[in-house]
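Peer 1: Residues per chain, in single letters:
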Amino acid sequence: MSTGKRTSLYSQHVKLGAKIADFAGWEMPIQYQSIIKEHHAVRTGAGLFDVSHMGEIEVSGTDAQNFLQKVCTNDLARMSVGQVIYTPMCNFTGGIIDDLLVYRIKQDQFWLVVNAGNKDKDWEWLNEQLADAQLHRGAGDEQTVELRDISEKTGLLALQGPLAQQLLAKISTESLENLRYYHFVFTNLVGVDALVSRTGYTGEDGFELYIPVEKTPLIWDKLFEVGNALGLGLVPVGLGARDTLRFEACLPLYGHELTSKVTPLEAGLEYFVAWQKDDFIGKTALLKQKEVGIFRKLVGFTMIERGIPRAGYPLIKNGESIGEVTSGSFAPTIGQNLGLGFVSSKEAFVDNDIYVSIREKEVKAKIIKKPFYKREVKK
Amino acid sequence: MNYQYPDNIKYTKEHEWILEKEGSGTVGITDYAQHSLGDIVFVELPEVGQKVKVGDSLGVVESVKAVSDIYAPCSGTVRMVNENLLADPGLLNDNPYTAGWLVEIEVEELADKLLSAKEYRFLILEGAEEG
Chain A
1 MSTGKRTSLY
11 SQHVKLGAKI
21 ADFAGWEMPI
31 QYQSIIKEHH
41 AVRTGAGLFD
51 VSHMGEIEVS
61 GTDAQNFLQK
71 VCTNDLARMS
81 VGQVIYTPMC
91 NFTGGIIDDL
101 LVYRIKQDQF
111 WLVVNAGNKD
121 KDWEWLNEQL
131 ADAQLHRGAG
141 DEQTVELRDI
151 SEKTGLLALQ
161 GPLAQQLLAK
171 ISTESLENLR
181 YYHFVFTNLV
191 GVDALVSRTG
201 YTGEDGFELY
211 IPVEKTPLIW
221 DKLFEVGNAL
231 GLGLVPVGLG
241 ARDTLRFEAC
251 LPLYGHELTS
261 KVTPLEAGLE
271 YFVAWQKDDF
281 IGKTALLKQK
291 EVGIFRKLVG
301 FTMIERGIPR
311 AGYPLIKNGE
321 SIGEVTSGSF
331 APTIGQNLGL
341 GFVSSKEAFV
351 DNDIYVSIRE
361 KEVKAKIIKK
371 PFYKREVKK
Chain B
1001 MNYQYPDNIK
1011 YTKEHEWILE
1021 KEGSGTVGIT
1031 DYAQHSLGDI
1041 VFVELPEVGQ
1051 KVKVGDSLGV
1061 VESVKAVSDI
1071 YAPCSGTVRM
1081 VNENLLADPG
1091 LLNDNPYTAG
1101 WLVEIEVEEL
1111 ADKLLSAKEY
1121 RFLILEGAEE
1131 G
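For the record, the sequence lines run as chains A and B.
The first sequence: position 352 = 352 (the numbering used here), numbered continuously.
Each number in the numbering used here corresponds to the 1-based position in the second sequence with 1000 added.
No lab work stands behind these hints, which were simulated from the structure alone.
Some hints here could point you the wrong way.
[Unchecked claim] Here's a subset of chain B near chain A, in silico, CB distances under 7 Å, partners left out:
#1 Gly1038
#2 Asp1039
#3 Val1041
#4 Phe1042
#5 Lys1051
#6 Glu1062
#7 Val1064
C-beta: ideal position from N, C-alpha, C; glycine also.
Let the sequences and hints guide you as you build the complete structure.
Peer 2: Structural data, given as structure tokens:
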């Protein structure tokens, strides 16, 4: 057994009978009961995830926005306080260092929520870029930027599913009904100050709850207590179902769809690249790529013949390799074996028959529209 | 965790079981194996008539997260495969020793190192302690 880092909820996970495994150096619950049951619970009811392993970095100061405009591809200038955006952070060749959420806490204060496995790398990169910016600053320039790693003191729960709002409303002082998607409020949950955003990584309605780490177990227990009392059938959900849920919604996962060798254009994330911004790291390379055209694209496909695509399996057309699977699984809500992968641009069109090489056999598949799953939004 | 280890069958270290009767061997995966894999969503079985040697691949069992090879605990010829598993792989989770059997083999020779229920159980408990 690994001796990784543990979140403040480790003993709760053990008590619930979770299968624990290493994830990015953390001992995390992969499943409690069954990945498929947990998956369905989030699609139809409500599920609670411990995602305290995620990293949080605070960026503040009079020059914070300018600094972030340079390191992120998306446009933060149009964010109001209380808003959240998704953005890639690229290197100079346009490759993705990480994909993150940016919270505008105050006019001059932001939180970056980053992948656990990338946090140290991100922290180093941000500090390098900051040092570089300061080196090139003119004399007498009073602008400041301060970086603070607040991961250790920040617990993070994700409450996801169509019943999430009804449940969270019971313990929140702020009304959450009118909280818009990708917005947040500061609220109080049974005496604990928390930041609650309407965000998630499942394709369902839901919330992410940023709580002081020492209070996280209290909120976790309280949510189950209230969930049970109301008969809402709240279940704990592990990282296994988190992966199948995000996969069906075609939300990219760093290390699979996204790497430092993949650009936002290839990954289908151009929507999150703000070309109109003056300059940002990677802009020159990405503009060049847009001009020349991209050689490979991320596509979704369904298996026509029997087999489950898995990350790393080759994708084949006319006997030749055209790319590779990045994620693949039985998709519990769709009921099919589905995959995401990169293929050469000329093969990246819907209805194209392609083949997945599974244990040296070519198994037929077909490119389909993404996302695989999209929730119905209630009017 | 309490797993089932029926006495009348033999086990391998790779978590297959075999029940041999009058030269015919029914093969499956153990309760421990199905539990470790989690929700099983795909099964690949050999062709009827295929000849196998001890340790050859008999097929593949896949859960949501994992891909696991099944190895032959005997040499012989595949006589039947459990086609119910193709449509309902979850049978392997629910009944690993009965409805979730994988293949039936006309046995030529059993593997040398098959374990009794007691030995296999010891192996699992030992592993759990080390874990």
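Peer 1: Take the hints in turn and mark each one as holding or not.
Peer 2: Against the structure, the hints:
For Gly1038/B, the suggested interface contact is upheld, since its CB lies about 6 Å from the closest CB of chain A, less than 7 Å. Annotation: Asp1039/B was flagged as interfacial toward chain A, and the flag holds, the nearest CB pair being 5 Å apart, inside 7 Å. Look at Val1041/B: its Cβ gets to within about 4 Å of chain A, closer than 7 Å, so that hint holds up. The restraint placing Phe1042/B at the interface with chain A holds, with a minimum CB-CB distance near 5 Å, inside the 7 Å limit.
The interface hint given for Lys1051/B is violated, since its Cβ lies 19 Å from the closest Cβ of chain A, which is over the 7 Å cut-off. The beta carbon of Glu1062/B comes within 5 Å of a beta carbon in chain A, closer than 7 Å, and the hint placing it at the interface holds. Look at Val1064/B: its Cβ gets to within about 5 Å of chain A, closer than 7 Å, so that hint holds up.
In this structure, the one hint that does not hold is number 5.
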